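Student: Take the sequences, apply the hints, and build the full model.
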Amino acid sequence: MADPSSYTTAPIRLRLFAALREQAGWSERDWPIRDHAIQPNHPPTEPLTPRQIWMTLQLEGSLDTVRVAINQQFAAADMPLQPGDELAFLPPISGG
Amino acid sequence: MERTPELNLAMPNLAIALHTERFDPMARLGAWHKLLEQRTSNSAAESLFIGRVRPTASDDGIALEALELEHYPGMTEAQLEALARASCQHHGVSSCLIEHRIGRVLPDEAIVLVAIGADRRGPAQRCCQELLEALKHEAPFWKREWRTDGSRRWLSGNTPL
Numbered sequence: 425m426a427d428p429s430s431y432t433t434a435p436i437r438l439r440l441f442a443a444l445r446e447q448a449g450w451s452e453r454d455w456p457i458r459d460h461a462i463q464p465n466h467p468p469t470e471p472l473t474p475r476q477i478w479m480t481l482q483l484e485g486s487l488d489t490v491r492v493a494i495n496q497q498f499a500a501a502d503m504p505l506q507p508g509d510e511l512a513f514l515p516p517i518s519g520g
Numbered sequence: 396m397e398r399t400p401e402l403n404l405a406m407p408n409l410a411i412a413l414h415t416e417r418f419d420p421m422a423r424l425g426a427w428h429k430l431l432e433q434r435t436s437n438s439a440a441e442s443l444f445i446g447r448v449r450p451t452a453s454d455d456g457i458a459l460e461a462l463e464l465e466h467y468p469g470m471t472e473a474q475l476e477a478l479a480r481a482s483c484q485h486h487g488v489s490s491c492l493i494e495h496r497i498g499r500v501l502p503d504e505a506i507v508l509v510a511i512g513a514d515r516r517g518p519a520q521r522c523c524q525e526l527l528e529a530l531k532h533e534a535p536f537w538k539r540e541w542r543t544d545g546s547r548r549w550l551s552g553n554t555p556l
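Chains E and A, in that order, give the protein sequences. Residue numbering for the first sequence is 425 to 520, as defined by my numbering. Residue numbering for the second sequence is 396 to 556, as defined by my numbering.
These are calculated hints, taken from the structure and not from any lab test. Predicted model, so just to flag it, every value in this text is computed and none were measured. Careful, some of the hints might be misleading.
To give a feel for the contact side, a few chain E residues facing chain A, derived at Cβ under 7 Å [to be verified]:
| # | residue |
| --- | --- |
| 1 | THR473 |
| 2 | PRO516 |
| 3 | ILE517 |
Covered stretches of chain E, as calculated for chain A (at least 3 residues, CB under 8 Å) [unchecked claim]:
| # | segment |
| --- | --- |
| 4 | 448–455 |
| 5 | 507–515 |
The C-beta atom is built at its ideal place from N, Cα and C for all residues, glycine as well.
Tutor: As structure tokens, then:
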């Protein structure tokens with residue numbers, strides 16, 4: 425029987441920018457995600473969301489002041505994440 | 396040497412460029428006009444905006460050494476194109492050029508150039524303003540002020556309109 429820890433699939437690619445990147449001390453990292461489709465004996469859990477990851481990261485500030493992008497498109501903080509997604513937390517934008 | 400703006404083939408007369416080094420907005424505009432002329436796509440009305448780095452910090456007036464512009468590669472280009480397409484379609488304009496700096500920008504250097512061509516001044520001016528505001532708030536750029544007193548600060552928003 426395979427080790428349950430092997431029941432993982434493509435991780436979420438996490439990215440931070442600007443002030444958030446400096447606060448965290450990293451710009452990119454992988455976030456392991458379990459794929460319940462390939463571990464049928466495990467009870468399904470709530471899908472992983474950007475909000476859950478943000479709360480786990482424990483960065484300063486509220487998610488209300490941060491925008492979320494999934495696969496380089498703006499997204500809601502409660503959008504379910506899929507294996508292999510690129511998730512970015514974006515501090516307040518100031519272009520132009 | 397200034398390069399010729401590259402047209403976006405999916406939308407005629409749309410060009411977007413990010414510059415890692417200083418660019419001359421008037422030279423870029425000249426190249427853009429030449430390209431439109433070749434396509435016989437010059438417009439009766441054109442609205443322009445050129446944004447440059449202020450010499451002082453946004454809050455306390457301390458002299459600026461530079462303004463750093465960070466961005467999200469890939470998403471920035473896609474977002475600029477989506478914003479441009481939406482504004483151009485909304486206002487029915489005929490051409491759109493966006494040029495934007497990234498990296499370390501010195502005081503008085505250009506940060507952004509937006510040029511909108513249309514048949515009438517109204518759509519050209521409205522589209523130019525709408526697109527500029529959109530890219531300021533919806534394209535993933537971040538500014539950090541490097542001040543001459545040695546301090547640095549990420550800006551958390553844009554200057555008032």
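Student: Next step is simple, just say for each hint if it's right about the structure.
Tutor: Hint-by-hint comparison with the structure:
1. Here the hint on E:THR473 is broken, as its CB sits about 20 Å from the closest CB of chain A, past 7 Å.
2. Below 7 Å, beta-carbon pairs count as interface contacts, and E:PRO516 has one with chain A at about 5 Å; its hint therefore holds.
3. Against a cut-off of 7 Å between C-beta atoms, the interface hint on E:ILE517 holds, since the closest Cβ of chain A lies about 6 Å away.
4. Under a criterion of three residues with beta carbons nearer than 8 Å to beta carbons of chain A, the stated coverage of the segment 448–455 of chain E fails, only 0 such residues being counted.
5. Using a Cβ-Cβ cut-off of 8 Å, 3 residues of the segment 507–515 of chain E lie near chain A, which meets the minimum of three, so the contact claim holds.
In the structure shown, a violation is registered for the earlier hints numbered 1, 4, in ascending order.
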